[in-house]
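Colleague: Each chain is listed here by its residues.
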Amino acid sequence: MLIRRPSAIAPSAIAPRAVYLRRREFIAGAAALGLGSALAATIPGRAAGAAPLPAPKSPLSTLDEPLSPLKDITSYNNYYEFGTDKDDPARNAHALTIKPWTVKIDGLVTKPADYDLEDLIRPAQLEERIYRMRCVEGWSMVIPWIGVPLEAVLKRAEPQGSAKYVAFETLVRPAEMPGQRGLFQPLPWPYVEGLRLDEALHPLTILAVGLYGETLANQNGAPVRLVVPWKYGFKGIKSIVRISLTDKQPPTTWNIANPREYGFYSNVNPAVDHPRWSQATERRIGESGLFAKRRPTLLFNGYAEQVASLYAGMDLKANY
Amino acid sequence: MAAAPKTVARTWRGLALGTNPVRRAVYIVGMLPAVSTIYLGLMDELGADPQKTLERTLGLWALRFLIVCLAITPLRRLGGPNLVRYRRAIGLLAFYYAALHLSVYAVLDQGLDLGAIGADIVRRPYITIGMLAFAILVPLAVTSNAPMIRRLGGAAWQRLHRLVYLAAAAAAVHFIMLVKSLPAEPLIYAALVAALLLFRLALRLQTRARPAHRSRVEPAGA
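For the record, the sequence lines run as chains C and B. The working numbering puts the first residue of the first sequence at 1, with every later residue one more than the last. The working numbering puts the first residue of the second sequence at 321, with every later residue one more than the last.
Please note: incorrect hints may appear among the correct ones.
[As the list claims (entries may be wrong)] Which chain B residues face chain C? A few, computed with CB under 8 angstroms, are given here:
(1) D364
(2) A368
(3) M497
[Unchecked claim] Selected chain C positions facing chain B (in silico; Cβ < 8 angstroms):
(4) S75
(5) D87
(6) P186
(7) P190
(8) I256
(9) G263
(10) F264
(11) R283
(12) L310
For the record, the hints were derived by calculation from the structure and aren't laboratory data. This structure is a prediction, so every number in the text was calculated from the model and none was measured. Every residue gets a Cβ at the ideal spot worked out from N, C-alpha and C, and that includes glycine.
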């Protein structure tokens, strides 16, 4: 039956780093020659509407694992505002208007304002951060994000001493987000997320505006999303319109939907199972097709060395 | 018993393919979704998580065939065509799909790690319920042939095969329990199964309320 080994792994299943880097140089070179838009239509897997976004590599990147293919990153998404199936976001998100985009920063800050995205995240600050991403559903990817440390953005608004948490909010726009209209709405909107202030200020926490050398595809959370690599993927709230600093732990969408299954912290932890399934292993997307083997999930998604101290003395089972 | 090997041979023939050409066509058409999904899987055309897509597709078709199976009696009772002669083929298709679905989980997903599978069955209610549904389908599939009906006797066979109600309910619950939020799809399948089971309950209550009409109720039952 299906026990047969594959004769060969399709070369397209894996994008070796060298090839990807060469491709980026190619794009950068072409952009310099003003060929960017002509090229956009011809690069396979390239997200519609994405524009080249050069950024220097960060030393905080995870370098020892092959990147997940761009076509998987842009076609296998959980973004319930565009539908609950994995391919719904890629099918429906093109309708989203992401220009102009403002992010309201308010709450316990000295300079609350509606920040224009281009003003909030300046091209010169951008860096590439390659991170593992572990979904709570038991699969994972390796994604070369482009973004800025969240800390840099928060500093602009000058958080007050009383701020203890950061709350995030996604856009609500039913006209462009089919998951936000109709009879069956899987979650309450807006999608909200939150971090403790020290988690938000941690150097690994970034606001991403691109991946794979390009601006974010809409299905990946364009124009700006959160990436917290040691937490389950759903903490990485997409298409952010508001960031509020608070002194109380903010509500988070999956915790509201099912408090027994999704906690505020949602740190990746192979020893703390989801009530309905094991979190001990994961399947790496794009690895070897039908015959991909599960791999062990790592505590804090492999970032324990950098982040474990944030949770010193905390019961990780109780604070799931 | 001298007849035993013959019965076994016929059982296997019954499991493999029917003898009637229309029934054979039902089997062949019924297996097309499996053939096409497995083919696409081997060609790496099942998207980013091909294992999950294959697993889900096969499981979904098992549930669909169970629903079609359960719909045959209500369809006839409500004045529709009588498809009862294809029920065995459809029931067996449901079993084959459930077996393929389980194989993908056990072999591809879990890599035949019996410890992990055992732990899943004991600790994950949705897997426990899915395994229950499959376990019920095994004796039903094995007895879905004329020699076994003769051996068991019509009444006992029928009692045994009423377990399909439980299998369908378990399969629908299994589907609901594995999704993260509650999208419409598993709820629609569960509603279909519930409606088909309620139809039988209503029939039974009606029969009990009017015992004088009992003789009109077909002995073949549901």
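Colleague: Run every hint past the structure and note whether it holds.
Modeller: Each hint, compared with the structure:
Given the 8 angstroms rule on beta carbons, the hint for D364(B) holds: about 5 angstroms separates it from the nearest Cβ of chain C. Interface restraint check: A368(B) against chain C, minimum CB-CB distance 3 angstroms, threshold 8 angstroms, status holds. Given hint, M497(B) at the interface with chain C, holds; its Cβ is 7 angstroms from that chain's nearest Cβ, closer than 8 angstroms. The interface hint given for S75(C) holds, since its Cβ lies 6 angstroms from the closest Cβ of chain B, which is under the 8 angstroms cut-off.
Restraint check, D87(C) versus chain B: the minimum CB separation of about 7 angstroms is within 8 angstroms; hint holds. Because the smallest distance between the Cβ of P186(C) and any Cβ of chain B comes to about 4 angstroms, under 8 angstroms, the interface hint for this residue holds. Annotation: interface hint on P190(C) violated; nearest CB of chain B at approximately 15 angstroms, more than 8 angstroms. For I256(C), the suggested interface contact is broken, since its CB lies about 11 angstroms from the closest CB of chain B, more than 8 angstroms.
Given hint, G263(C) at the interface with chain B, is violated; its Cβ is 15 angstroms from that chain's nearest Cβ, farther than 8 angstroms. With its C-beta approaching chain B no nearer than about 17 angstroms, F264(C) sits outside the 8 angstroms limit, and its interface hint is violated. Taking 8 angstroms as the C-beta cut-off, the interface hint given for R283(C) holds, the closest approach to chain B being about 7 angstroms. For the restraint placing L310(C) at the interface with chain B, the shortest Cβ-Cβ distance is roughly 26 angstroms, beyond the 8 angstroms limit, so the hint is violated.
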